[in-house]
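Asker: I would like the entire structure built from these sequences, with the hints used as guidance.
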Amino acid sequence: MSMPSDTDRKPALFGSGDTGFDVNRIKADFPILRQKVNGHRLVYLDSAASSQKPQAVIDALDRYYSQINANIHRGLHTLSEKATAAYENTREHSARFIGGVKPEEIIFTNGATEAINLVASSWGGQNIGEGDEIVITEMEHHANLVPWVILAQRKKAVVKRIPLTPDGQLDLTDIENIVTPRTKLVAVGHMSNVLGTINPVQRLAELAHKNGALILADGAQAAPHMPVDVKQLGVDFYTFSAHKMLGPTGVGVLWARQELLEAMPPYNTGGEMIREVSFETVTWADVPHKFEAGTPNIAGVVAFHEALSYLEAIGMDKIREHAIALTGYAIDSLLKLDRLEIQGPLDPTLRGGAISFTDADIHPHDLSTFLDSRGIAIRAGHHCAQPLMRALGKVATARASLYVYNDEADIDALVDAIKQVRSYFGV
Amino acid sequence: MSMPSDTDRKPALFGSGDTGFDVNRIKADFPILRQKVNGHRLVYLDSAASSQKPQAVIDALDRYYSQINANIHRGLHTLSEKATAAYENTREHSARFIGGVKPEEIIFTNGATEAINLVASSWGGQNIGEGDEIVITEMEHHANLVPWVILAQRKKAVVKRIPLTPDGQLDLTDIENIVTPRTKLVAVGHMSNVLGTINPVQRLAELAHKNGALILADGAQAAPHMPVDVKQLGVDFYTFSAHKMLGPTGVGVLWARQELLEAMPPYNTGGEMIREVSFETVTWADVPHKFEAGTPNIAGVVAFHEALSYLEAIGMDKIREHAIALTGYAIDSLLKLDRLEIQGPLDPTLRGGAISFTDADIHPHDLSTFLDSRGIAIRAGHHCAQPLMRALGKVATARASLYVYNDEADIDALVDAIKQVRSYFGV
Amino acid sequence: MNDILDEMYRDIILDHYRSPRGKKLIDHADISSTGQNPSCGDEIAMQVTLDDGTVKDIHVGCTGCAISVASGSMLAEFVKGKSFEEVKKVAEVVKKMLKGEEIPDSDELGDIDALKGVRQFPVRIKCALLAWMTLIEGIQNFEKQKKAGPETVTTTEEDEQNAATDQ
Amino acid sequence: MNDILDEMYRDIILDHYRSPRGKKLIDHADISSTGQNPSCGDEIAMQVTLDDGTVKDIHVGCTGCAISVASGSMLAEFVKGKSFEEVKKVAEVVKKMLKGEEIPDSDELGDIDALKGVRQFPVRIKCALLAWMTLIEGIQNFEKQKKAGPETVTTTEEDEQNAATDQ
Ligand SMILES: Cc1ncc(COP(=O)(O)O)c(C=O)c1O
Ligand SMILES: Cc1ncc(COP(=O)(O)O)c(C=O)c1O
Ligand code: FES
Ligand code: FES
Numbered sequence: 032m033s034m035p036s037d038t039d040r041k042p043a044l045f046g047s048g049d050t051g052f053d054v055n056r057i058k059a060d061f062p063i064l065r066q067k068v069n070g071h072r073l074v075y076l077d078s079a080a081s082s083q084k085p086q087a088v089i090d091a092l093d094r095y096y097s098q099i100n101a102n103i104h105r106g107l108h109t110l111s112e113k114a115t116a117a118y119e120n121t122r123e124h125s126a127r128f129i130g131g132v133k134p135e136e137i138i139f140t141n142g143a144t145e146a147i148n149l150v151a152s153s154w155g156g157q158n159i160g161e162g163d164e165i166v167i168t169e170m171e172h173h174a175n176l177v178p179w180v181i182l183a184q185r186k187k188a189v190v191k192r193i194p195l196t197p198d199g200q201l202d203l204t205d206i207e208n209i210v211t212p213r214t215k216l217v218a219v220g221h222m223s224n225v226l227g228t229i230n231p232v233q234r235l236a237e238l239a240h241k242n243g244a245l246i247l248a249d250g251a252q253a254a255p256h257m258p259v260d261v262k263q264l265g266v267d268f269y270t271f272s273a274h275k276m277l278g279p280t281g282v283g284v285l286w287a288r289q290e291l292l293e294a295m296p297p298y299n300t301g302g303e304m305i306r307e308v309s310f311e312t313v314t315w316a317d318v319p320h321k322f323e324a325g326t327p328n329i330a331g332v333v334a335f336h337e338a339l340s341y342l343e344a345i346g347m348d349k350i351r352e353h354a355i356a357l358t359g360y361a362i363d364s365l366l367k368l369d370r371l372e373i374q375g376p377l378d379p380t381l382r383g384g385a386i387s388f389t390d391a392d393i394h395p396h397d398l399s400t401f402l403d404s405r406g407i408a409i410r411a412g413h414h415c416a417q418p419l420m421r422a423l424g425k426v427a428t429a430r431a432s433l434y435v436y437n438d439e440a441d442i443d444a445l446v447d448a449i450k451q452v453r454s455y456f457g458v
Numbered sequence: 032m033s034m035p036s037d038t039d040r041k042p043a044l045f046g047s048g049d050t051g052f053d054v055n056r057i058k059a060d061f062p063i064l065r066q067k068v069n070g071h072r073l074v075y076l077d078s079a080a081s082s083q084k085p086q087a088v089i090d091a092l093d094r095y096y097s098q099i100n101a102n103i104h105r106g107l108h109t110l111s112e113k114a115t116a117a118y119e120n121t122r123e124h125s126a127r128f129i130g131g132v133k134p135e136e137i138i139f140t141n142g143a144t145e146a147i148n149l150v151a152s153s154w155g156g157q158n159i160g161e162g163d164e165i166v167i168t169e170m171e172h173h174a175n176l177v178p179w180v181i182l183a184q185r186k187k188a189v190v191k192r193i194p195l196t197p198d199g200q201l202d203l204t205d206i207e208n209i210v211t212p213r214t215k216l217v218a219v220g221h222m223s224n225v226l227g228t229i230n231p232v233q234r235l236a237e238l239a240h241k242n243g244a245l246i247l248a249d250g251a252q253a254a255p256h257m258p259v260d261v262k263q264l265g266v267d268f269y270t271f272s273a274h275k276m277l278g279p280t281g282v283g284v285l286w287a288r289q290e291l292l293e294a295m296p297p298y299n300t301g302g303e304m305i306r307e308v309s310f311e312t313v314t315w316a317d318v319p320h321k322f323e324a325g326t327p328n329i330a331g332v333v334a335f336h337e338a339l340s341y342l343e344a345i346g347m348d349k350i351r352e353h354a355i356a357l358t359g360y361a362i363d364s365l366l367k368l369d370r371l372e373i374q375g376p377l378d379p380t381l382r383g384g385a386i387s388f389t390d391a392d393i394h395p396h397d398l399s400t401f402l403d404s405r406g407i408a409i410r411a412g413h414h415c416a417q418p419l420m421r422a423l424g425k426v427a428t429a430r431a432s433l434y435v436y437n438d439e440a441d442i443d444a445l446v447d448a449i450k451q452v453r454s455y456f457g458v
Numbered sequence: 254m255n256d257i258l259d260e261m262y263r264d265i266i267l268d269h270y271r272s273p274r275g276k277k278l279i280d281h282a283d284i285s286s287t288g289q290n291p292s293c294g295d296e297i298a299m300q301v302t303l304d305d306g307t308v309k310d311i312h313v314g315c316t317g318c319a320i321s322v323a324s325g326s327m328l329a330e331f332v333k334g335k336s337f338e339e340v341k342k343v344a345e346v347v348k349k350m351l352k353g354e355e356i357p358d359s360d361e362l363g364d365i366d367a368l369k370g371v372r373q374f375p376v377r378i379k380c381a382l383l384a385w386m387t388l389i390e391g392i393q394n395f396e397k398q399k400k401a402g403p404e405t406v407t408t409t410e411e412d413e414q415n416a417a418t419d420q
Numbered sequence: 254m255n256d257i258l259d260e261m262y263r264d265i266i267l268d269h270y271r272s273p274r275g276k277k278l279i280d281h282a283d284i285s286s287t288g289q290n291p292s293c294g295d296e297i298a299m300q301v302t303l304d305d306g307t308v309k310d311i312h313v314g315c316t317g318c319a320i321s322v323a324s325g326s327m328l329a330e331f332v333k334g335k336s337f338e339e340v341k342k343v344a345e346v347v348k349k350m351l352k353g354e355e356i357p358d359s360d361e362l363g364d365i366d367a368l369k370g371v372r373q374f375p376v377r378i379k380c381a382l383l384a385w386m387t388l389i390e391g392i393q394n395f396e397k398q399k400k401a402g403p404e405t406v407t408t409t410e411e412d413e414q415n416a417a418t419d420q
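Which chain is which? The protein sequence lines are A, B, C and D, in order.
32 is the number of the first residue of the first sequence in the numbering used here; add one for each residue after it.
32 is the number of the first residue of the second sequence in the numbering used here; add one for each residue after it.
254 is the number of the first residue of the third sequence in the numbering used here; add one for each residue after it.
254 is the number of the first residue of the fourth sequence in the numbering used here; add one for each residue after it.
These aren't lab readings, by the way, just hints derived from the structure by calculation.
A few of these clues could be false.
[Said to hold, decoys possible] Listed below are the simulated DSBU-like cross-link pairs for lysine-lysine, each with C-alpha atoms no more than 35 Å apart in a straight line:
# : chain 1 : residue 1 : chain 2 : residue 2
1 : B       : 191       : A       : 186
2 : C       : 369       : A       : 425
3 : A       : 67        : A       : 349
Answerer: Written as structure tokens, this is what we have:
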């Protein structure tokens with residue numbers, strides 16, 4: 032009963048003994064980047080929405096369905112045992128990836144959104160009461176905002192927010208009046224999908240705990256782009272999505288401390304998560320199974336292991352260094368353009384590679400449509416962060432977001448195209 | 032912006048102008064069936080747990096990730112538009128597949144389990160009150176049992192059950208006393224995953240409606256194996272899972288009438304499902320988006336389209352005919368064995384191809400381990416139906432379950448191996 | 254190479270975008286209506302004065318993309334002197350055109366016909382519809398109100414527009 | 254061809270399965286303990302009589318699979334005359350053996366050593382552990398009770414067993 036092979040394919044960047052960060056070799060691992068879009072080389076600058084996938088991940092799906100596929104956990108046949116082992120292997124891998132936590136503390140969901148909803152419904156349902164306060168920030172993604180607003184409505188609790196500085200960082204001047212003994216939970220994005228800002232999660236964790244509150248960090252943008260150690264951060268809950276970090280769609284991770292998980296009621300209920308069921312009563316299985324009702328996205332979870340391996344083979348430190356260098360280059364290049372404004376901190380060491388900007392003359396949607404005609408994929412809109420947009424005084428921004436397969440040539444293509452856009456629209 | 036091609040690969044069974052049901056040609060479309068397990072040809076008889084996947088579905092995933100992958104709905108670039116079109120195409124296809132309902136009435140979840148939980152939490156949370164009655168059956172899968180038991184506990188409502196006849200059909204003798212004006216919902220499996228029984232959903236729908244109740248049919252086992260027309264059935268909710276019908280893991284479908292969906296609050300909340308958000312209030316997007324928070328399993332949904340196409344190319348009527356013929360053959364062959372008992376109806380026209388049985392001398396788990404050593408994959412256990420097991424007076428049963436790629440040779444291999452098992456264990 | 258792009262951003266569209274008609278404010282409004290494109294948050298506001306059941310003058314203020322601005326400008330140009338029935342009819346035609354449906358005869362549409370290219374860009378269809386749906390809603394509210402009694406109603410949500418494109 | 258299968262269902266195992274030791278009921282029980290394998294629902298019940306701190310006699314009634322029955326039979330054979338400490342020690346060894354960990358010296362295990370083959374079948378590890386965990390729980394409850402006061406405690410859940418194999 033051997034596991035699906037996973038060590039026989041190293042990212043191409045290590046192809047010939049080179050240990051540097053060679054983006055061209057990485058690009059070669061991503062089949063989608065070989066295609067032309069509207070007659071141009073695809074310049075994919077929308078990884079904050081969803082990343083592309085290396086061949087190793089695509090192959091893992093193929094291999095899973097061609098050689099292993101079966102339902103997990105209760106099987107007594109070879110395929111089912113192989114599928115179970117492969118699925119649980121990713122659980123162990125995910126636990127290692129965020130700093131070496133217990134595998135039982137890793138819950139697979141279908142995305143970061145569901146992971147946060149699970150916490151809001153299960154932990155929040157049990158622990159938030161009338162008048163309690165939930166502290167979020169002004170820059171949250173709707174996924175780490177709407178569940179808390181709805182929970183607060185349901186429980187007559189209060190959502191408080193940490194405001195922003197003009198350059199898009201958390202303004203902690205008044206923080207001692209925001210996080211107080213009335214606070215039950217601080218829910219904060221580890222890295223903003225709009226501003227790129229990396230938030231001081233560790234400091235907020237200390238403050239939360241000092242006030243007897245727990246803290247959830249939404250790692251959907253951080254986990255793909257920087258080393259994460261949840262114990263060092265000192266958080267209680269951490270959530271992220273596979274699809275933003277080279278993995279398949281439909282896979283999310285919730286990490287929480289085991290005592291918390293054990294005390295929480297399940298979210299979805301059904302098969303594979305019970306101990307005993309009658310028409311009147313139910314007893315739950317142990318964690319993590321209590322939170323994984325029904326047949327999960329087995330193939331997706333299995334293939335996510337390859338995504339994590341790919342990231343580790345490059346090295347999360349190297350990925351962060353690359354992000355800092357390329358984000359710096361992009362910000363510098365964009366700022367050379369006239370009448371263009373960047374939202375969020377300009378110092379690349381304070382932020383990730385999601386770069387939002389607005390052009391004084393061209394609407395972000397027209398800009399992105401134009402760029403697309405040149406093969407350049409960026410995103411325009413409110414980026415699922417309407418309150419932040421209101422704080423910024425914008426209806427929408429354009430956003431270029433970078434990842435391991437992007438290089439200076441991609442930035443140059445972006446900047447060149449933006450230069451053309453005004454003349455195209457004749458403004 | 033063309034859709035991913037999906038018509039250029041027909042199931043092999045139509046390869047040479049033949050329109051009959053040629054299992055060998057179908058088998059050839061499923062790469063996993065080519066492999067040897069423990070030195071034997073794989074005989075996969077565990078499709079009720081999860082089906083195998085044809086090459087067309089595996090290729091669709093590859094094609095999606097190699098050519099289309101991007102996040103959906105809010106994109107203004109080519110990939111995102113292609114991904115959105117492909118995703119929405121599966122919504123339309125799913126709507127056609129269950130009898131031609133409105134595409135907006137199709138909600139994608141990560142499985143049948145989540146689909147039922149969505150209804151229990153959202154509709155149930157709003158419509159079930161103290162003393163209300165929810166009617167289920169004695170043969171339900173935990174997925175269509177636990178959510179109702181928990182809802183009833185939460186709301187001080189009552190779960191009533193329809194009992195079984197000795198041959199594993201619903202005993203409707205006393206039905207007028209079970210479904211009454213106090214009933215708010217009837218939740219019934221369309222086809223049992225243990226007994227194979229096809230339940231009289233249409234009759235129950237009439238009865239439910241006569242009493243002012245709604246009806247949910249759990250189609251996890253029926254949708255893969257027989258033609259389904261939800262309007263003809265007269266149900267209000269219908270749920271199923273892609274992975275049991277040749278599709279990828281991590282994709283489920285909830286169908287419900289639009290008025291119901293519109294009146295229901297969302298389940299998960301987050302991105303892509305709101306209209307407007309502030310820190311105090313949220314307004315929801317229209318259905319179906321209201322129920323699809325966050326990034327869904329885009330690749331899985333896109334590839335599910337190919338699974339539906341494959342099933343339709345064979346023909347759901349033909350699939351049902353094949354099931355009847357092969358189930359009849361299997362039951363006859365198994366009953367020729369000594370000291371072996373089949374649970375559920377013996378008439379194959381009353382049931383699907385999930386065949387549970389017990390051997391008087393060999394424990395189901397020993398049996399399945401032994402069969403596995405011969406390359407034969409069956410399942411043993413309570414099949415996520417503990418109350419049914421109790422009603423049957425069994426701790427566990429063995430279950431062989433059939434699908435389009437199974438034939439009489441597979442049944443013969445099963446029966447031959449069972450013949451050997453007693454001598455192996457020396458009992 | 255950029256055929257599709259040029260199909261959407263036709264010269265007529267860009268011309269309306271650069272110099273939108275109906276910019277001039279009007280001092281009296283028989284109908285006021287605002288609309289928002291829920292997919293991007295952009296907004297439009299319009300005031301209409303009437304003259305014996307036909308549109309006499311219109312002001313359109315749109316903060317959206319080139320398509321929404323151009324579409325609003327074309328609307329401003331088109332509707333002057335038209336009856337409610339004529340406005341509704343052409344709005345229906347625009348909707349059909351953007352859905353890619355067969356439309357009867359596009360001669361009388363004039364500039365509006367240039368919106369056709371938008372249908373190749375599904376996410377932008379709402380942009381082209383924004384002005385039209387907002388005006389129709391304003392007219393419908395005006396008509397309801399006339400039946401019910403006098404008082405101005407303004408609207409903010411474009412449900413019909415959603416229904417038209419949210420599939 | 255069936256090496257792995259034969260590795261698990263060794264002759265010793267099958268012999269214990271066919272003629273389980275400890276079947277004979279005993280009329281007096283110092284310790285009674287029942288356990289359930291949560292992964293399959295199978296159950297075991299045992300009664301133990303004591304003689305000066307060592308196991309004098311044991312009855313094991315198991316309704317599970319061949320592995321659980323054989324393991325219970327081996328336990329019945331092994332524990333007679335053993336002290337609680339000896340029983341606990343060997344239960345730890347069985348647990349380690351089934352996890353695939355290095356074990357010190359398997360000579361004294363006798364037949365029990367044959368359970369080794371089960372570790373190739375992860376889902377069956379709980380079967381092999383069922384009897385051992387149930388007895389240990391019975392002993393622990395007995396010990397607690399002796400400290401607290403007299404009254405028989407029976408247990409039904411095997412949490413430690415879960416913890417041991419649920420990863
Ligand atoms: C900061 C942040 N949080 C949460 C999410 C939600 O992730 P998903 O859509 O994968 O559930 C996103 C995705 O855009 C995000 O950027
Ligand atoms: C009858 C029935 N209902 C519901 C389910 C749950 O399906 P899933 O595990 O895909 O959510 C199953 C799966 O075994 C089933 O057989
Ligand atoms: S993008 Fe907002 S109206 Fe066009
Ligand atoms: S299968 Fe139940 S104890 Fe072995």
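Asker: Work down the list of hints and note, for each, if the structure agrees.
Answerer: Status of the hints after comparison with the structure:
1. Under the criterion of a C-alpha separation no larger than 35 Å, the hint pairing residue 191/B with residue 186/A is consistent with the structure, at around 31 Å.
2. Only pairs whose Cα atoms come within 35 Å are accepted, and residue 369/C paired with residue 425/A is accepted, the gap being roughly 29 Å.
3. Taking the CA atoms of residue 67/A and residue 349/A, the gap is about 29 Å. The hint holds against a cut of 35 Å.
This entry satisfies every hint, going by the numbered hints stated previously.
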